[in-house]
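Work out the full structure, taking the sequences as your base and the hints as a guide.
Number of protein chains: 2
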Amino acid sequence: VNTTIINQLCINTATFGWNRSLIDALNALANSGVKHITPWRHQIQHVGPEIANAMIRDAGLSVSALCRGGMFTYEDKKSYTLAIDDNLRAIDEAAIIGAKSLTLVVGGLPSNSKNLKHAHEQITSGIAKILPHARQAGITLAIEPLHPMFAADRSCINSLTHANDLCDLLGEGVGIALDVYHVWWDPRLSEEIIRAGEKRIVGFHICDWLVPTSDLLLDRGMMGDGVIDIPAIRVMLEKVGYTGLHEVEIFSEKNWWQRSPKEILQHSIERHHTHV
Amino acid sequence: VNTTIINQLCINTATFGWNRSLIDALNALANSGVKHITPWRHQIQHVGPEIANAMIRDAGLSVSALCRGGMFTYEDKKSYTLAIDDNLRAIDEAAIIGAKSLTLVVGGLPSNSKNLKHAHEQITSGIAKILPHARQAGITLAIEPLHPMFAADRSCINSLTHANDLCDLLGEGVGIALDVYHVWWDPRLSEEIIRAGEKRIVGFHICDWLVPTSDLLLDRGMMGDGVIDIPAIRVMLEKVGYTGLHEVEIFSEKNWWQRSPKEILQHSIERHHTHV
Chain Z
1477 VNTTIINQLC INTATFGWNR SLIDALNALA NSGVKHITPW RHQIQHVGPE IANAMIRDAG
1537 LSVSALCRGG MFTYEDKKSY TLAIDDNLRA IDEAAIIGAK SLTLVVGGLP SNSKNLKHAH
1597 EQITSGIAKI LPHARQAGIT LAIEPLHPMF AADRSCINSL THANDLCDLL GEGVGIALDV
1657 YHVWWDPRLS EEIIRAGEKR IVGFHICDWL VPTSDLLLDR GMMGDGVIDI PAIRVMLEKV
1717 GYTGLHEVEI FSEKNWWQRS PKEILQHSIE RHHTHV
Chain G
1477 VNTTIINQLC INTATFGWNR SLIDALNALA NSGVKHITPW RHQIQHVGPE IANAMIRDAG
1537 LSVSALCRGG MFTYEDKKSY TLAIDDNLRA IDEAAIIGAK SLTLVVGGLP SNSKNLKHAH
1597 EQITSGIAKI LPHARQAGIT LAIEPLHPMF AADRSCINSL THANDLCDLL GEGVGIALDV
1657 YHVWWDPRLS EEIIRAGEKR IVGFHICDWL VPTSDLLLDR GMMGDGVIDI PAIRVMLEKV
1717 GYTGLHEVEI FSEKNWWQRS PKEILQHSIE RHHTHV
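One line per chain: the protein sequences are Z and G, in this order.
So for the first sequence, the numbering used here puts the first residue at 1477; every next one is plus one.
So for the second sequence, the numbering used here puts the first residue at 1477; every next one is plus one.
Hints are supplied without guarantee of correctness; some may be wrong.
Copies of the same chain look alike in the list, so a pair counts if it works inside one copy or between any two.
[Claimed, not checked] Keeping only pairs whose Cα atoms sit at most 30 Å apart, straight-line, the calculated DSS-like set for lysine-lysine is:
| no. | residue 1 | residue 2 |
| --- | --- | --- |
| 1 | K1511 | K1738 |
| 2 | K1605 | K1554 |
| 3 | K1675 | K1590 |
| 4 | K1553 | K1593 |
| 5 | K1593 | K1675 |
| 6 | K1593 | K1715 |
| 7 | K1511 | K1730 |
| 8 | K1576 | K1605 |
| 9 | K1576 | K1511 |
| 10 | K1590 | K1730 |
| 11 | K1576 | K1675 |
| 12 | K1590 | K1715 |
| 13 | K1593 | K1511 |
| 14 | K1715 | K1576 |
| 15 | K1576 | K1738 |
Calculated from the structure, these hints are not laboratory results.
Note that the structure is predicted; figures quoted are calculated from it, not measured.
So, in structure tokens, the structure goes:
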């Protein structure tokens, strides 16, 4: 395995399956050559962030991001306030485990609402509310634009254009996690990557779009098994100076999640080498 | 039933199910008060366009659009040429049945290609090639931007912005069919409707986005059962002067297609009245 290439590889632990623990992920990564991990909050909370941090350091790994904060969209004030509080805790957890950023999946339409504009406003003010705390903690808030098919139930920030608009508005301390799965179709992708620039892009997530796709959420492909020109997007990023990590994040209920973490990791390493 | 309202209603025959014939659709529509139909090509070809035209006139209906042309994206020249020829025939069929427009689903990535830009070029030159014939026949070519989740396999024109760009480029005789299902999530929707203007919008398709959505293609909802603010989009269109039809187009394998055309139609009429 090419050492220079594997040094850029990061594994988002969801790639091993929703139900895997942090220890499952660390066991899989042991002696693999992969040096970077993005864990999910439930895994960190399960052992507590201080112990999680020690476990990750003992494994010789560094944390890229914590996955995830966000979900700011609620019709009732109480839920909205709870969401803000929860995001403040997520920032603390991210800081304790040494993450550089907190990935934000910002929320879709609140239940019983059809008002996209109001959801957008809640998202903007939600991020603005947690931003001072994030700046103080040294954690970048990484808005992840999600594919438009998630506008109703996960995120109504659905393009890099919209994420850039938000970054312009919110200023220092807000960045973007760019996942090829969500943005590959967008004819504005190249110019919006230039607009974002190296400083704003804090994550590059990789997987592939399968044809056919059998499930909106849980049928992502391994790099090379789908139609996304991942190297072309990598080159767009490198042209603006991006030298950060390549984070494998694959939700695949019927295929990859049926395999062992070791096997999934082996394929991720190989495909990262050949198809990114 | 409010006569003024039902006069704007049009039924896309796919709403009754893929396997229904033209006669099934006409039987359902008989004495319903609905005056407009958008049939699919296979239904027209099954009886031949001249007979189809006579059948539709005898039923007292007028044809809005023929569904569909497009699918211009192929890696090999021969398939591309065949696609152009087939679109020329579709224009002829549309003219024979008295359609005002031919709905274009333009095609996604060709098999074994990851080159979106090349697909976009094929689409542009494909429409340009059939445009003189369409102008002569008096048939507007209605580009239908499809939801980004269809970029790989059906259409890589995935926003009203992109469709407007193409219309700017191609000029007279090219319009847009706007389906709420494909565009509701887009924060640019309102300004791009203004940019399109009344003249360019030749179709307004209605259905709803269900939460959750169980299938990318065949799980559309009846108006009112999902999260799309359809009246808000109708108002955007009316503000630029749109007075055209409201075309119900619902692909629903597990719900509506399990019911009789009469029952589907009854619900479509009611929901059009209450939720559009």
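Within, between, both or neither: how does the pair K1593, K1715 come out at a Cα-Cα threshold of 30 Å? between (34 Å within a copy, 19 Å between copies)
Is it within, between, both or neither when you check K1553 against K1593 at 30 Å Cα-Cα? Result: close within a single copy only, 17 Å intra versus 45 Å inter.
Between the shortest in-copy and the shortest cross-copy C-alpha distance, which are at most 30 Å for K1590 and K1730: within, between, both, or neither? Classified as between; 24 Å across copies, 32 Å inside a copy.
Using 30 Å as the alpha carbon limit, work out where K1511 and K1730 are close: within a copy, between copies, both or neither. Close inside one copy (27 Å), not across copies (46 Å); limit 30 Å.
If the cut is 30 Å between Cα atoms, do K1593 and K1511 qualify within a copy, between copies, both or neither? neither (41 Å within a copy, 35 Å between copies)
Can you give me the call for K1675 and K1590, within, between, both or neither, at a CA distance of at most 30 Å? Classified as between: cross-chain Cα gap 28 Å, same-chain 34 Å, threshold 30 Å.
Go through the copies and call it for K1590 and K1715: within, between, both or neither, with a Cα cutoff of 30 Å. Between copies only: 20 Å across, 39 Å inside.
At 30 Å max between alpha carbons, let me know whether K1576 reaches K1511 within a copy, between copies, both or neither. within (15 Å within a copy, 61 Å between copies)
Alpha-carbon proximity context of K1593 and K1675, limit 30 Å: Result: close both inside a copy and across copies, 28 Å intra and 27 Å inter.
Status of K1605 relative to K1576 across identical chains (alpha carbons, at most 30 Å): For K1576 and K1605, only the intra-copy Cα distance (19 Å) is at most 30 Å; the inter-copy one is 52 Å.
Within, between, both or neither: K1511, K1738 at alpha-carbon 30 Å: Classified as within: same-chain Cα gap 15 Å, cross-chain 62 Å, threshold 30 Å.
Reference check for the pair K1576 and K1675, CA-CA at most 30 Å: within, between, both, or neither? Classified as within; 13 Å inside a copy, 51 Å across copies.
Hint 13 from the earlier list is the only one contradicted by this structure; the remaining hints agree with it.
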